[in-house]
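*Asks:* Residues per chain are reported as follows:
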Amino acid sequence: MTISAERPTEVATSVAPPARVSTPWTQRPGWMSQHLGTAIVGGFLGYILGHWFGNYISSSYPYIVNSGQNSIAVTLALTGMVVGWLLGIGALNYPLAKLIGKDAPAESEVKGWSKYFRYSTDHKVVGMQYVVGVLLFMFTGGLLAMAIRTELLNPTTHVFGPGTYIEIVSEHGTIMMMMATSIIVGPLGNYLVPLMIGSRRMAFPRIEAFSFWIFIAGYMVIFSALPYGGFSTGWTGYAPLQTQNGPGMISYLLGFAVIGMGMMAAGFNIAVSIINYRAPGMTWSRVPIFVWSILATASLLTLATPVLFAGGLFGILDKTVQTAFYVDEHGGSSYLWQNLFWFFGHPEVYIMALPGFGIVAEILPVFTRKPLFAYKVAASGMIGVALLSFFVWQHHLFQSGINPDMRPLFMLTTELISIPTGFIFLVGMGTLYRAKIRFEIPMLFAMALFFNFLIGGVTGVFLSDVPVNVTVHGGFFVLSHFHYTIMGGLLFAFMAGLYFWLPKMTGRMMNKKLGLIHFWMMFVFFNLTFFPMFIIGLLGQPRRVFTYASNLQGLNDFSSISAFLLGLSFLVFAFNLVWSMWISPEKAPANPWDSLGLEWQTASPVPAHNFDRIPVIMTDPYHYSEPGAPALADFGGASSGAATSDSHSAKNEGADND
Amino acid sequence: MTDIFKGSKAPNATPEEREFELRAHLGSIWTGGRLFIGMYTFMLASIAFAYFYLRSSNNAQLWRPNHITAPTYYGFFIYGFMVLTAILAIYGQWRLRKGEVADWQVAGWTGVASGLIALFLQIWEFTRVPFYPGSSGYASTFIGYAVMNIGTIVVGTYWLETTLARGLRMRKELGDGAEISSSPAAQSFRANVASMTYNWGFIALGATLFLVLFYLM
Amino acid sequence: MANNSQDTPRDLRKMTGIWVVLSVAADLLFWFLVGPHVPPGRMTETAKNNQLDFNILLVIALPVIIGVWVYMGYAITHWSAKRNGPEPVGGASARSNKKAQVWWIAVTSFVVLFLAGFGTVALIVDHGSGGGEGPNPVWMPAGAARAETAAINGTGTGILTEPGGEHVLPVQVIGQQWKFTYRYPTFGGFESSQLMLPANTTIAFNVTSLDVIHSFWAYQLSVKADANPGVNNVAFTETKNVGNFTVRCSELCGLWHGAMFNYGSVVSPSDFVTWATTTEAANHANTKDLPPFAWTYTPDANNAAGGWFPDGTVTPYSTVETYGAKQPAS
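Line order of the protein sequences matches chains Z, R and F.
Numbering of the first sequence is given in my numbering, commencing with residue 1 and proceeding in unit increments.
Numbering of the second sequence is given in my numbering, commencing with residue 659 and proceeding in unit increments.
Numbering of the third sequence is given in my numbering, commencing with residue 876 and proceeding in unit increments.
These are computed hints drawn from the structure, not numbers from a lab.
Simulated pairs of lysine-lysine, DSSO-like, Cα-Cα distance not exceeding 27 Å:
1) R:Lys756 / R:Lys830
2) R:Lys830 / Z:Lys98
3) F:Lys957 / F:Lys889
4) Z:Lys102 / R:Lys756
5) F:Lys957 / Z:Lys513
6) Z:Lys111 / Z:Lys587
7) F:Lys1163 / F:Lys1054
8) R:Lys756 / Z:Lys98
9) F:Lys1115 / F:Lys923
10) F:Lys889 / F:Lys974
11) F:Lys974 / Z:Lys376
12) F:Lys957 / Z:Lys587
13) Z:Lys98 / Z:Lys115
14) Z:Lys587 / Z:Lys513
15) F:Lys957 / Z:Lys512
16) F:Lys973 / Z:Lys376
17) F:Lys1054 / F:Lys1115
18) Z:Lys115 / Z:Lys587
19) F:Lys973 / F:Lys889
20) Z:Lys512 / Z:Lys587
21) R:Lys830 / Z:Lys102
22) Z:Lys115 / Z:Lys102
Not close to chain Z: a few residues of chain F, all C-beta gaps over 12 Å, as computed:
23) Val895
24) Ala900
25) Asp902
26) Trp906
27) Ala1017
28) Gly1018
29) Gly1031
30) Gly1039
31) His1042
32) Asn1116
33) Thr1154
34) Glu1155
35) Pro1167
Note that the Cβ used here is the ideal one computed from N, Cα and C, for glycine as well.
Please take these sequences and the hints and turn them into a complete structure.
*Replies:* Right under this line is the structure:
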């Protein structure tokens, strides 16, 4: 760490200890302050106010007012709900106070569990909040998936009508996609990145908290589609079907805009934090690989999401003030939506893949007791994927009639992206080479990612090949492909990450027996659910249909029953979570997996400011099985907790056993 | 954008730690300002893409029948006031760096006024457009741009206003006259102003592009 | 440490051996047992080519998949703590291996570039491989351009025979919520909900839609083209054998998307001509009420491209001219 030569003493003296600002009423403990309850009240009031106002300004059209089809009223109601929610939780206190130049309020003094229901600027609290948030999304979307598979038990329509069915399909896709953008960046990214880079804080803690609370607001907005009668466009929302749809479409468009704001905020904060708050000595070649993946993801979140936001804005304008962005007959173009959507959509796909790679690459060295193989290749691969992902979006439009002469180009870029994606296999296989693998639950999930993602990745090459794409585009083949990459990749990585880091985050171990049941059920039934879908797709079943050829019933039923059992595995997970966290908590050792990572070297539970002294990083965290390896970091003499001694013994474990 | 650095409550025991945290904080403001421009660029790029895409596809020959144009006077005035705000912000920052806090305040508040006028004109322009939103591709894109421009002006002016308001509160820390304060709070404040100014410069650039696209072409 | 250098090649040799055996076996089994039955079958030239493409891709993919699986399987069985695997060695040699990395990147790059090149060639040689090529196709089969011209100008009748001896039939596919109908421009432009095609003929599908985006997926023909309103999306195929095929909509088009399918048949050219002329005669009265054959139909009163509504009975709610005019002062 360098001190600037001039005025070191001045720096030291000029920082007065922060004046004790009396806690404003919004931050007081207890019920007379701002928390989830006030947010709900705020959202409710905002909704009513917005709805009333929307009907008021269109009151000269009697057939529209209170028809339930008044797009302006619906838009304003939902916007009001989001604003009211943010006001209620206190997200806007400081931005408003700033207008008169006020200082930031003192950080929340609230202790105990109730801080999780507040607008907390502690990245650890936000991380935990995100865990609950993404699980909320996941279980909602999962239930809808169960409904889809129920309908597909039979080749004709039997449980749901076509209208309900298409609502369920669209809602499932949208909720899951929204969740998947945040499922790792939100919980694990927010919680772990500062710990991994040796920082005491995020760069913009309020923006971070904002990203979480607007994420939940986005959940409410997209969920409101169901009471509004749903939307029938699937998660892609293609115009002109979009234009044709009722108020449920507003929930979709606004939902994506709102979630998009959360994504931009989260990515913005995390990217800036990683760039600036790395502890002294944490050079770019010492940054944990997980942080690299989160950096690549955060950049994509920040830069690609504005396009989605703009696309959603255009859609909302089409629905409310009757512009014609996506209306061909009035000078717009339905292709415009497809281009904008997929220009965001394809980077989004990698937003959902990269963090998974990061987690797996971070976990492998711990359980193999070997350093990460080809670290530089891994990091550059992640950045390469992030860059290339902006140049592949038209492969979603191969059969659409848009720019047919560009197909070879997009076929090339799409297949090129499999080179940096393939690096994760190089890294994984190199790390496993002659290792001493311990098959703990996180490791099992990480290995499962390689199994699943291999199938997902290879089928991706089939999809990118235009001649083959003719058969597999828009069918169950592509459906299975992206479930293999997103669920088989990202969700398995998320589970690996949860099992791996929950002991650090909560101080409690997840039950291993239940974990094993969860893993094997999830892994087996995931593959039994989705592998038949490749065949179903090749045999000619398009996506999002409620009827299919009767000869496909056997495969579909097989897939459905596996899907129910896959759903059951999530109940096992939920049970494990409740059991291990609340019912029968087992205290976690300070470093249960003998990791060398910086995040394990601070005290457990993590103190409010993460590190008593800002650590000075000496080397990278992958010196496994290396006798005489340098210590990871200098904690400035201040003992940083029990973890330190554990990790020393872990480091020498390989040598001891020799 | 961010709160002013006053030393967090973290136990920064040593001068090194305080120095580190200050540098990280200043760096964050710098990086954040640039990243914000990146986001804004993609937002503008979406509008520009929509503009050129609809223009080149010219569906139903309704890209821009009879070469309809949004009210040019409004366009120029909105543009003028936005550029004025940007110039005032840049000028103010230049004076601030020289320690002339009063100049910065005067220039800044004038800039806020100019931003608010631009905002008012941009909203009022909706009542003066000679077409309805869905009448053509141009009309749609223009409405989309105008809505987005309202957002831009609101955010930009808000950022300018909050730095000014903060500047008034911390007059003492900033110092006045030729002397430039080197206190961390003042450094942080100046970094924030620099980022804000930089963004206003970019906003003015973007506004120029769209002035040409929507009003001049 | 010493036996490491000896173990290393042994491990790799073992794996390579297993890998080669399994890969060859899997490839051969696939190619001869499964390959000929891979969808979409061999009903058309396009289907045949696309099946071949799929099979080639899979033959390349299988060794890749098997390679990773063998490696992982070997690692799990030989290098685990439970089974007393080797003592891991850290340090520089475990962190990177230039040779392995360079080979990996070189091989993946080669495979990827080969696949992209192969795909491009297959796409161009097969005239778009049955995919929608937009309104101005760049890769057209022989005679298709003339057939398209004949179709829109109404200058050709029946199955068109080109100077080179190719038979070409232009067919229009019209998607709407929620059915496909077909127009035969060289048979007086009659419209039918039945899709009949002659065998051994190049078919030029002109796919369009009246409302939202559909996708015309003639599964066994290996043809897929999005039906966009206001866009003529052209796809080509060359029919070979007679038989039936399924048509499904493969782009979500709303409520009854799932029920949007029907069946078509490829019949012998003479049967086809018989059917077409009979249907043309039977539908004569209806055809007169249809809008004249056009690439696209715009179902609004603006008469921008097609004029779905008969002129004169619908009051245009606005015209192109009034769009740009100043609104009356209110």
